[in-house]
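Residue numbers for the sequence shown follow my numbering, beginning at -4 and rising by one.
Since the hints were made in silico from the structure, they are not lab data. Don't take each hint at face value.
[Said to hold, decoys possible] Now the in silico label distances, taken between C-beta atoms and shown as ranges:
1) Ile55 <-> Leu25: 18 to 24 angstroms
2) His64 <-> Arg28: 18 to 24 angstroms
3) Gly1 <-> Gln49: 23 to 29 angstroms
4) Glu106 <-> Arg38: 29 to 35 angstroms
Source: prediction; values computed, not measured. C-beta: ideal position from N, C-alpha, C; glycine also.
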Amino acid sequence: LQIRSGSGLWAIQAALQFPTACVTAIDLQLIPRSELPSNLEMRILNLIHPLPFQDESFDIIHARLVFIHVSPLCLFTSSGFLKPGGWLVIDDHDAQITFINAGPATVQVLEVVKGKMRNPGVTFAFTTC
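Go ahead and model the full structure; you've got the sequences and the hints to work with.
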């Protein structure tokens, strides 16, 4: 699942690299493309509303530049869609600043995420580039 897919390039590359995978990309608006891989579904969905996915339905959730648009809480509620051992990949230029200088709401969200990620086979860590 790619959240805030924009041009869809990451999702397209993932679908091409893993042709047996089912790739889903969501955003408020989709940039129309004439050719998409057959294993890619692009959907118009809003993160502030409940998403129509079953729990534990994705191996990876990739969110890029989401925190500048919505509360981190919106993103972390979607982490329930991860399969056990799945990856939540957050690619956000201000995410590290938010976490270093975390306010009370962000600390609360991080504790919820840490609790969800305390499953066997799941590693939870923040990295810097």
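Against the structure, the hints:
no., hint, verdict
1, Ile55 <-> Leu25: 18 to 24 angstroms, "20 angstroms, holds"
2, His64 <-> Arg28: 18 to 24 angstroms, "22 angstroms, holds"
3, Gly1 <-> Gln49: 23 to 29 angstroms, "25 angstroms, holds"
4, Glu106 <-> Arg38: 29 to 35 angstroms, "30 angstroms, holds"
Every hint from the earlier list agrees with this structure, and none is contradicted.
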